[in-house]
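> Could you build the full structure based on these sequences and the hints that come with them?
Quick mapping for you: the protein sequence lines, in order, are chains A and B. Everything in the first sequence is counted per my numbering, starting at 1 for the first residue and increasing by one. Everything in the second sequence is counted per my numbering, starting at 1 for the first residue and increasing by one.
Hints listed in this document are in silico derivations from the structure and should not be mistaken for laboratory results. Be aware that one or more of the hints could be misleading.
The calculated BS3-like cross-link candidates involving lysine-lysine, where the alpha carbons are at most 27 Å apart (straight line), are [stated by the list, open to error]:
id: 1; chain 1: B; residue 1: K124; chain 2: B; residue 2: K73
id: 2; chain 1: A; residue 1: K181; chain 2: B; residue 2: K124
id: 3; chain 1: B; residue 1: K73; chain 2: A; residue 2: K182
id: 4; chain 1: A; residue 1: K182; chain 2: A; residue 2: K171
id: 5; chain 1: B; residue 1: K99; chain 2: B; residue 2: K124
id: 6; chain 1: A; residue 1: K182; chain 2: B; residue 2: K43
id: 7; chain 1: B; residue 1: K43; chain 2: B; residue 2: K73
id: 8; chain 1: A; residue 1: K182; chain 2: B; residue 2: K99
id: 9; chain 1: A; residue 1: K182; chain 2: B; residue 2: K124
id: 10; chain 1: A; residue 1: K181; chain 2: A; residue 2: K171
id: 11; chain 1: B; residue 1: K99; chain 2: B; residue 2: K73
id: 12; chain 1: B; residue 1: K43; chain 2: A; residue 2: K181
id: 13; chain 1: A; residue 1: K181; chain 2: B; residue 2: K99
id: 14; chain 1: A; residue 1: K181; chain 2: B; residue 2: K73
Bear in mind that the values here come from a model prediction, so they are computed numbers and not experimental data.
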Amino acid sequence: MTTVAVATATRAMRRPARSRSLRAWYRNGTLMAGLVIVGLLVLAAVLAPWLTPYDPIQQDLAHALESPSSAHWLGTDKYGRDILTRLLYGARVDLRIGFLAVLIPFVIGSVLGALAGYFGGWFDTLVMRVVDVFFAFPFYVLVIALVFILGAGESSIYLAIAAVSWVSYAKIMRGELLVAKKQDYVVAARLGGMSHTRILVRHIGPNVLSQALIYAMSDIVMDILAIVTLGYLGLGIAPPTAEWGSMILDGQEFITTQWLQATIPGLAVVVTSLGLSLLGDGLSDQLSPERRK
Amino acid sequence: MSTAVQEPTLEPSVLRVSALTKRYGGHSSWLSRLTSGPSVALKALDGIDLHLRPGEVLALVGESGSGKSTLAKILVGSATPTSGEVSVAGQPAPARRDKESSRRVQMVFQDPYSSLNPRITVGKMLSELLLLHRIVPRSEVRAESVRLLNLVGLEEDVLGAYPSQFSGGQRQRLAIARALAVRPDVLIADEPVSALDVSVQATILELFATLRSELGLSILFIAHNLAVVQHLADRVAVMYLGRIVEVAETSALFSAPRHPYTRALIDSIPRMTETSVNDGFELDGEPPSPYDVPAGCRFHPRCPLASEVCRENDPPLLTVGRAHESACLKADELADIPVPNAPQEHA
Numbered sequence: 001m002t003t004v005a006v007a008t009a010t011r012a013m014r015r016p017a018r019s020r021s022l023r024a025w026y027r028n029g030t031l032m033a034g035l036v037i038v039g040l041l042v043l044a045a046v047l048a049p050w051l052t053p054y055d056p057i058q059q060d061l062a063h064a065l066e067s068p069s070s071a072h073w074l075g076t077d078k079y080g081r082d083i084l085t086r087l088l089y090g091a092r093v094d095l096r097i098g099f100l101a102v103l104i105p106f107v108i109g110s111v112l113g114a115l116a117g118y119f120g121g122w123f124d125t126l127v128m129r130v131v132d133v134f135f136a137f138p139f140y141v142l143v144i145a146l147v148f149i150l151g152a153g154e155s156s157i158y159l160a161i162a163a164v165s166w167v168s169y170a171k172i173m174r175g176e177l178l179v180a181k182k183q184d185y186v187v188a189a190r191l192g193g194m195s196h197t198r199i200l201v202r203h204i205g206p207n208v209l210s211q212a213l214i215y216a217m218s219d220i221v222m223d224i225l226a227i228v229t230l231g232y233l234g235l236g237i238a239p240p241t242a243e244w245g246s247m248i249l250d251g252q253e254f255i256t257t258q259w260l261q262a263t264i265p266g267l268a269v270v271v272t273s274l275g276l277s278l279l280g281d282g283l284s285d286q287l288s289p290e291r292r293k
Numbered sequence: 001m002s003t004a005v006q007e008p009t010l011e012p013s014v015l016r017v018s019a020l021t022k023r024y025g026g027h028s029s030w031l032s033r034l035t036s037g038p039s040v041a042l043k044a045l046d047g048i049d050l051h052l053r054p055g056e057v058l059a060l061v062g063e064s065g066s067g068k069s070t071l072a073k074i075l076v077g078s079a080t081p082t083s084g085e086v087s088v089a090g091q092p093a094p095a096r097r098d099k100e101s102s103r104r105v106q107m108v109f110q111d112p113y114s115s116l117n118p119r120i121t122v123g124k125m126l127s128e129l130l131l132l133h134r135i136v137p138r139s140e141v142r143a144e145s146v147r148l149l150n151l152v153g154l155e156e157d158v159l160g161a162y163p164s165q166f167s168g169g170q171r172q173r174l175a176i177a178r179a180l181a182v183r184p185d186v187l188i189a190d191e192p193v194s195a196l197d198v199s200v201q202a203t204i205l206e207l208f209a210t211l212r213s214e215l216g217l218s219i220l221f222i223a224h225n226l227a228v229v230q231h232l233a234d235r236v237a238v239m240y241l242g243r244i245v246e247v248a249e250t251s252a253l254f255s256a257p258r259h260p261y262t263r264a265l266i267d268s269i270p271r272m273t274e275t276s277v278n279d280g281f282e283l284d285g286e287p288p289s290p291y292d293v294p295a296g297c298r299f300h301p302r303c304p305l306a307s308e309v310c311r312e313n314d315p316p317l318l319t320v321g322r323a324h325e326s327a328c329l330k331a332d333e334l335a336d337i338p339v340p341n342a343p344q345e346h347a
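What follows is the structure in structure tokens.
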């Protein structure tokens with residue numbers, strides 16, 4: 001129990017303030033721009049009923065197809081509904097589905113991919129062959145086919161997207177695990193007598209999850225585009241619910257006279273995608289292992 | 001006890017390896033045998049016998065590809081041997097280790113950067129092991145962690161720090177503290193200083209020496225450089241292409257090597273005092289591929305003493321002196337060739 005006085009003992013180092021890493025997050029312009037854009041969009045969606053006096057569904061045919069005015073900042077559609085109001089309520093639907101649709105494939109794909117990469121063997125072969133099958137189909141073909149089979153509606157969209165996009169998470173996490181499990185710290189944890197579950201959850205998990213998280217940001221973009229596309233094709237959320245894709249569909253017949261009708265929801269999609277992409281880029285800068293060195 | 005030297009099998013050993021072999025590759029199934037050509041197996045280890053006495057530092061030295069790291073992996077249970085046996089503290093160690101049998105043999109890795117989890121603080125790293133193995137009651141975990149840190153020359157205030165806040169040498173100290181936390185019977189150090197700056201190497205070697213003398217720790221110290229182990233090791237085992245070719249006490253090995261490969265390694269230690277040694281023992285070129293081990297003595301293509309008999313006979317490891325074994329047919333001939341200038345202090 002004696003304490004060894006090592007002659008050349010290295011002086012212990014102080015622990016730098018925790019705030020240093022936090023400041024790096026603030027300094028990351030991409031990340032902050034993404035956060036601001038996505039934050040404003042989410043805020044607008046949540047506060048929609050208080051931001052506008054109009055109802056998104058109630059028709060007012062007397063004021064149909066009006067140009068922007070002080071009463072209707074972005075004009076009205078062919079049923080006389082305020083476009084800004086529908087845009088805000090549409091954000092509620094599109095953002096909600098976009099965020100929620102990512103959760104299921106994120107969890108399922110990450111877990112399957114991680115287990116396949118860590119344990120290898122027949123389980124790895126099985127999972128990766130199934131992944132190959134799903135990967136062989138183009139994303140939209142499979143989503144549209146699945147929604148067609150399951151019937152239009154929010155729950156079919158969740159199911160279709162989950163069934164298609166879990167494969168990306170599985171591939172990413174498998175690759176991460178193949179690298180991580182060879183790291184000496186994982187070998188050391190095994191030597192420490194720790195169980196596979198403990199190593200996966202406590203030791204490897206925190207080191208590899210960031211890659212899946214970064215991908216999830218761009219995946220939300222994909223999902224929102226998919227929802228909008230489905231709406232445009234008439235396979236999405238049933239009218240009269242406000243939704244950006246169906247707004248574009250409704251607006252395109254007036255593209256020569258009232259071009260704002262289709263352009264406004266299209267721009268909303270662009271801005272949302274931009275915000276989420278910036279957020280993803282910023283996160284990947286912040287969470288990449290090179291940066292942590 | 002005093003006569004134990006006469007009968008090596010009765011010597012107490014904390015770690016013993018007998019007739020260990022490890023083959024990689026070769027066809028495992030009939031399908032791969034059909035689809036590709038003739039089987040090519042790599043013999044990483046080809047019959048290793050080794051024992052480590054309690055409280056001893058045994059150095060294992062050899063070039064890259066000699067099988068040192070494969071042996072280390074098998075000893076800690078992260079690779080399984082093709083045949084042969086490993087026993088720890090007198091009990092056979094299972095190929096698949098459980099919590100208790102993996103605790104007994106701990107390892108310090110070569111790369112102190114990949115061996116510490118970047119997301120786990122020093123305190124958590126140590127307390128997790130202490131609690132998992134119930135080394136101390138929960139209330140004493142912190143005190144025990146501090147004791148471990150002091151043991152490796154670090155202070156209490158690093159408990160909350162992450163590995164990225166440390167230098168290579170400090171990280172290696174942390175890795176040693178982690179290995180000691182579970183109170184192992186044997187510590188395997190796999191080239192623990194070769195990734196460090198030369199100035200730091202000396203301090204880490206000194207730490208190993210201190211730990212051995214203070215704790216009576218049994219250490220298998222793997223190195224590719226004889227100079228590193230000269231002042232640390234009690235005995236040295238020299239490996240060449242998956243075999244141990246010479247084992248001796250450190251002073252005997254350096255003053256009177258009985259294998260030409262050992263002799264070449266000693267000659268290759270850089271010295272400041274003399275002009276470079278030139279007595280014909282320098283090694284030419286790379287070691288032969290372990291896929292295609294030479295017939296006869298595996299060292300004969302690079303050996304200045306090689307003759308016809310060496311090309312035909314594979315020499316076993318035989319006793320050539322007191323606690324001195326060599327696998328060379330010309331071991332006696334070699335004994336008559338003095339080492340030109342025994343290596344000076346070098347550390």
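> Of the numbered hints stated previously, which ones are contradicted by the structure, given in increasing order?
none
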